[in-house]
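Based on the sequences and whatever the hints tell you, model everything.
Chains as they are written, first to last, in my numbering: chain U, 1 to 289; chain C, 1 to 289; chain S, 1 to 289; chain A, 1 to 289; chain Z, 1 to 289; chain W, 1 to 289.
Hints listed in this document are in silico derivations from the structure and should not be mistaken for laboratory results. The reader is advised that the hints may include incorrect statements.
Unchecked claim - Below, in silico cross-link-like pairs of lysine to aspartate or glutamate (DMTMM-like), each with a Cα-Cα straight-line distance of 25 Å or less:
1) K94/C x E82/C
2) K94/A x E82/U
3) K258/S x D196/Z
4) K248/A x D225/A
5) K236/Z x D225/Z
6) K94/U x E82/U
7) K94/U x D165/A
8) K248/S x D228/S
9) K169/W x D210/Z
10) K248/Z x E52/C
11) K248/C x E211/A
12) K94/S x D165/C
13) K169/S x D210/A
14) K258/W x D164/Z
15) K16/S x E91/Z
16) K13/Z x E82/Z
17) K13/C x D210/C
18) K236/U x E52/C
19) K248/C x E246/A
20) K236/C x D225/C
21) K169/Z x E82/Z
6 protein chains.
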Amino acid sequence: MFRHTKLLQFEAKPEKPDAVYARKLQELIGGAYGEMTVTMQYLFQGWNCRMEGKYKDLIMDTATEEIGHVEMLATMVARLLEGAPATATAEAVKDPVMAAVLGGMDPQQAIVAGGGAMPNNAQGVPWMGSYIVASGNLLADFRANAAAEAQGRLQTARLYNMTDDPGVKEMLKFNLARDTVHQKQWLAAIAELEADGLEDTPIAPNTLFDEEDQTHNNTIWHLSDGPDGASGGWSKGEQAIEYLMEPKPLGGPGTAPKPDPALYGTYSAAKDAAGTVKGKAKEAKNKLK
Amino acid sequence: MFRHTKLLQFEAKPEKPDAVYARKLQELIGGAYGEMTVTMQYLFQGWNCRMEGKYKDLIMDTATEEIGHVEMLATMVARLLEGAPATATAEAVKDPVMAAVLGGMDPQQAIVAGGGAMPNNAQGVPWMGSYIVASGNLLADFRANAAAEAQGRLQTARLYNMTDDPGVKEMLKFNLARDTVHQKQWLAAIAELEADGLEDTPIAPNTLFDEEDQTHNNTIWHLSDGPDGASGGWSKGEQAIEYLMEPKPLGGPGTAPKPDPALYGTYSAAKDAAGTVKGKAKEAKNKLK
Amino acid sequence: MFRHTKLLQFEAKPEKPDAVYARKLQELIGGAYGEMTVTMQYLFQGWNCRMEGKYKDLIMDTATEEIGHVEMLATMVARLLEGAPATATAEAVKDPVMAAVLGGMDPQQAIVAGGGAMPNNAQGVPWMGSYIVASGNLLADFRANAAAEAQGRLQTARLYNMTDDPGVKEMLKFNLARDTVHQKQWLAAIAELEADGLEDTPIAPNTLFDEEDQTHNNTIWHLSDGPDGASGGWSKGEQAIEYLMEPKPLGGPGTAPKPDPALYGTYSAAKDAAGTVKGKAKEAKNKLK
Amino acid sequence: MFRHTKLLQFEAKPEKPDAVYARKLQELIGGAYGEMTVTMQYLFQGWNCRMEGKYKDLIMDTATEEIGHVEMLATMVARLLEGAPATATAEAVKDPVMAAVLGGMDPQQAIVAGGGAMPNNAQGVPWMGSYIVASGNLLADFRANAAAEAQGRLQTARLYNMTDDPGVKEMLKFNLARDTVHQKQWLAAIAELEADGLEDTPIAPNTLFDEEDQTHNNTIWHLSDGPDGASGGWSKGEQAIEYLMEPKPLGGPGTAPKPDPALYGTYSAAKDAAGTVKGKAKEAKNKLK
Amino acid sequence: MFRHTKLLQFEAKPEKPDAVYARKLQELIGGAYGEMTVTMQYLFQGWNCRMEGKYKDLIMDTATEEIGHVEMLATMVARLLEGAPATATAEAVKDPVMAAVLGGMDPQQAIVAGGGAMPNNAQGVPWMGSYIVASGNLLADFRANAAAEAQGRLQTARLYNMTDDPGVKEMLKFNLARDTVHQKQWLAAIAELEADGLEDTPIAPNTLFDEEDQTHNNTIWHLSDGPDGASGGWSKGEQAIEYLMEPKPLGGPGTAPKPDPALYGTYSAAKDAAGTVKGKAKEAKNKLK
Amino acid sequence: MFRHTKLLQFEAKPEKPDAVYARKLQELIGGAYGEMTVTMQYLFQGWNCRMEGKYKDLIMDTATEEIGHVEMLATMVARLLEGAPATATAEAVKDPVMAAVLGGMDPQQAIVAGGGAMPNNAQGVPWMGSYIVASGNLLADFRANAAAEAQGRLQTARLYNMTDDPGVKEMLKFNLARDTVHQKQWLAAIAELEADGLEDTPIAPNTLFDEEDQTHNNTIWHLSDGPDGASGGWSKGEQAIEYLMEPKPLGGPGTAPKPDPALYGTYSAAKDAAGTVKGKAKEAKNKLK
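Here you go:
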């Protein structure tokens, strides 16, 4: 169960409105690596975590924080939209400055949300549940979490360079910091899994290694003609991954089997049921005007 | 530019058809972490890579391999569907064994694809471009790649346990192996970025650290009441992340500003334009029958 | 900012697992009228609410409760999936009882989530931000909220009839009750808007009545031949809406204008640019083999 | 079965083209509360209505009208796009007025539709079947209909303020009027359900009240710290809903059960199958280079 | 403007209910080539048609018919669902026949629609506006229409083989016939465009042939190793398309340019801004715990 | 299996950057008829082709070429974005030329991709698997292929008119040429199917003609009042399709059956279970505060 305080985790006050930037910030709300994603990703991971204790508690602490990040961003967007010329008409758009603002605005923030944030990305695509990952395997999921925080911090850093507003920058500095610590924590949690003896290798899931095809689990297939792949550190030293410079296909041709005649693939109509289906077809053809 | 040979990278021959399993395999074709995703993810990363040389070549080698994995899986699905009772009618379904098969089949594999694979996941949701990540930052993207291969290997491992067919298992053993080496290679490439002096910290992007809010980049906020988060290794030793046990909100209330009266938020109608809008509203009310 | 306790708002303990029902419950998690929708709908409404005070506080109280409902349902799903025969192979499926379970299961709950809930509906379609409404107009939004709770309670009632499990039924009884009180509260809040003088009519938004076309705001157009529409109470008494029994179109033909020749609509190619475009086309035709 | 006349229900003639506004109008065509939604919503409700007579006839009359609204808007969009500078090149865009128009246009209206309307919203997101509701329960659906017309009228009102074009405003006045009468009619139809004895309470569905948890169907949980929720009219008088000021969770912790080892959740790999899975993992680790 | 009669275009009466088949029929309602698609495709083509007269009238006649096809199928689905064991519980599912039905049913038809059709395909994916094409170019669109009717007839034919119900087969025979005539009519309309001199070649759009690269508009590039492509009729005779047996890339390497340092691509951080960004990064690294 | 060379199929070098045009080109990458669509459409058709030989080889040759087209366009987009003012702030936007560029840019190309292409269309909607068709019936699929190439060439032609850049135009001339030859080849392949005796009529699938309703496979229903449909060439001569000028519905009313009371459709609650459900409802009403 959750509780809420009206106070924001961190202040979200722009110095002045900027409707164009309000659209760009939507990426951090409803984009594939926005705050709605990490909120839902961590919540589902936490609820689906099978071990009570430190891992689950860390996940739920972080998940709960992220709901508050959506809140901060939604508040910032509403404030950036204050006084936005949403209802400017064609005449007004002839003023270049006004035009600049209107051309770059998110029309749905005005028409649909009445001057507030949408659960969408910067292009207006609604947030989707398919953005999140919660597999029940902590190694696989912590790696996805560190990756998500890296993409999130990268987008935040880009957006940090797209504004001069001190109030916005102040909040983004906080967001950058949280994305830093969250990257650190998920990487540390991966190390902890090993320290706890829960994972022996960095490969997820940590099993089926005997069953997997041992001939093919340490080779890179050279299938593009760039000459430098084999010169990377990954192909050197004790842990070297072998570079197969002239790889050959191991399988035969990918022929699909004869289809069910009742599904009317071209093959069956032509070859198998020639006496019946085709006969009917010919007869029908004569009837067709 | 690409070239194709009809020979599969690895054999994809089931011992016998299994229409129910053909549906499950769709997750590895068109799921969020299926082969269509890694294909497109690596292709866009390669095309968007700004440094010629080993990193780009490694990405393109792997991308090109993955197209062939979609091919192997699509071929396997078509073969698993051979002789599937797709057109069995209500009467036939009364046979329990038949019913078991029909209940678990993907109806679109028959109706839409004529007995072949769909570009969908195991629930029939079409593959989407939003599954992929290609940010132009190699550290962030390699971490996403390692995460994707971990999820992919996890799903393959689960599917490995859902079949007894030696032919299917043989192919999945190959897939498990490729997912293993691809995890290794992306992790090794992350290490290589540091070895090359391209990255100094594991935090992506590797910049803005001075600007980010230094007070908040090393604290975990204790916002769920699980008591064990602070006992993790992540809060111990030299690299310890501090656990804020009683965190307080740093911002004020998240009040949204007064909206544009022309957008008809409740506030404006009531308070601002009382003399006009409300007057009109009252008058209008009398007119409304 | 939010806080979380590990205790559920209400108990979510099935008497025994039921993997088929676990799929159906997904509709209440990630369906268009599931708990993810009301959570996000109320959160965005609250953050976008322009009047501090009772309305905003009521919205945020309810929003915060709903996050906990997603939690209860996700927990219930994980428990219903305990021991589910997710990895049963083709051979096992020949047992009718097993087949019944496997045919009705959500394959992604096993393959993707490792035996947990997905952020999807009962057919596996991911939850989407487009399900929610938060317009900034309280009358319009409260009406949408009452409607959402009605659909939610209806689906819960249907699901209540699809199980015999006392533990599941116990939780659904709680959910039914919450959907009841939430319907009451949003309807009461609509009345309160009028009591507060914030709305004068039940028509949202409460403005532009003078501007709207007065000739057409009280007539139902009889455009289907069902004879009984005009006999409804809506066409009787003081508030009667007039039934136009033989309505005629008021506009002219919907002809589209002549298109830009550079966009190659058929018209322009044929008629306008005949001397040039068509000349070229003819010439080109001769060249085409 | 349907029939069509080429005459529009109401005239759709702009005084002059306005390509920027043509994009905004897309929200009324293919947005979540646009005319495609009410068209399909009412059609499916009508086809799924189980009682012949006045309710079904009213639904079908309205559904049929709404198809004509999509037609009016699509025609208006094509006319607003007449002469749009769709093919202006980078050089032309240096003219500020031209730039203003091009920056605000929907690029797909030119590239994909050749200067016509798209089945999309104002941000280019395609209309989706998930926008509609047709549950078979008239009380629940009529409430959703009134809510949809309220959102639709609100968006129309906002768009009315975004243009000065007399021809566009004329059509929108008609649309406002239709949204008014449709709100009235669905609210009247809700009253009629009660008058007919089909519904006894405003709670949908009108059943399971004895079964629902009586302890929890009249309380609002105070879970956000806003102090004013309890001061609303909803908590006063005979129908008062009780405000639980210090609500406590009623359930235990939301622990997920032990997962199936074959699904490789972290728990199972670590604790249960230690002797087998982990043993294999360790052995495999030694083999991994 | 449209009008509706309650009479169906053709009878839609199954002999007996079949809930499993009701799910499959959803493909013809809300699939990519279902009736919702042709309805909306033809409507938008008609509204966007720039030439008054026979082409536009043919399009609108057909569009209007298709709305009635959605109606027939939705009615059929509701009737096939009569008495469906939607609320059967886990216990009941132990009966194999019941299990067969329940495993194959669409759970949303019961939970969401109350026993009616959904605006979805056979896998529950909502219909999307992106399925339709209406480009304003009649040749391009008529070809898409003929293709859509071919896919539609193919799916109908497959579904025809999946039922024994005489009532269902009767309706599908009508649908097959309509798909036949619609294919004929769109192919005839393509011929008519040429007869009218509106199109000179079968290539759409009928322009830019002089501008297009004449060296490359009649060659097939042999990029897969299948040996038989060049033996097709398409490479023979007067109209022969040349088969390039050993095609070579015509362009240089696809190198992406140096990115904007402010976007933090790996390249810029490493090479360009070494003195600044990297310096900061190193300093920051020391600070990071 | 596939192989890749770093050389592009054709050069993709703009003379100078043009960030606005980079957004428009997204339609050719990730739009419904962009290169990702034809790539995946032909790949799935090839893998699903049941006849070894010339048809399958032609499909795979073309599929392999198309992957290289996505590559060319992605490269072009990255080059068009070189030096784009992605990080210009509100102040900079006051310059009209800058504003023109920023208003028309795709914000995700900067924020998400770091200055590269996205797997999206020109409005930012992610590419979807539902765009492709691969039915297993060659006649139906070749017709869809010809239609897709026609839409693709039409969009390319429109985009050709939206730029003056000689480098861009050079590449588009190549694309136009490829779209021309691909239209020719799929039309020729349709002719070849007939020449090979695989298809007897132009109607797909080539079967069930005797079963289909012969009364209705050669009539156009006149359902819109446009008078000219019957004057088309399609209604003349030996192959004339009959125009039904006064068509009458052939079916009865589309009444839906009585629903399952347990699903709480309005009908059942009111009429069937009056003594029980309604009784409970009344009782419950008294209890409701």
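Verification of the supplied hints:
no.: 1; hint: K94/C x E82/C; result: 21 Å, holds
no.: 2; hint: K94/A x E82/U; result: 29 Å, violated
no.: 3; hint: K258/S x D196/Z; result: 19 Å, holds
no.: 4; hint: K248/A x D225/A; result: 15 Å, holds
no.: 5; hint: K236/Z x D225/Z; result: 20 Å, holds
no.: 6; hint: K94/U x E82/U; result: 22 Å, holds
no.: 7; hint: K94/U x D165/A; result: 15 Å, holds
no.: 8; hint: K248/S x D228/S; result: 20 Å, holds
no.: 9; hint: K169/W x D210/Z; result: 13 Å, holds
no.: 10; hint: K248/Z x E52/C; result: 22 Å, holds
no.: 11; hint: K248/C x E211/A; result: 42 Å, violated
no.: 12; hint: K94/S x D165/C; result: 15 Å, holds
no.: 13; hint: K169/S x D210/A; result: 13 Å, holds
no.: 14; hint: K258/W x D164/Z; result: 24 Å, holds
no.: 15; hint: K16/S x E91/Z; result: 12 Å, holds
no.: 16; hint: K13/Z x E82/Z; result: 12 Å, holds
no.: 17; hint: K13/C x D210/C; result: 57 Å, violated
no.: 18; hint: K236/U x E52/C; result: 20 Å, holds
no.: 19; hint: K248/C x E246/A; result: 20 Å, holds
no.: 20; hint: K236/C x D225/C; result: 20 Å, holds
no.: 21; hint: K169/Z x E82/Z; result: 18 Å, holds
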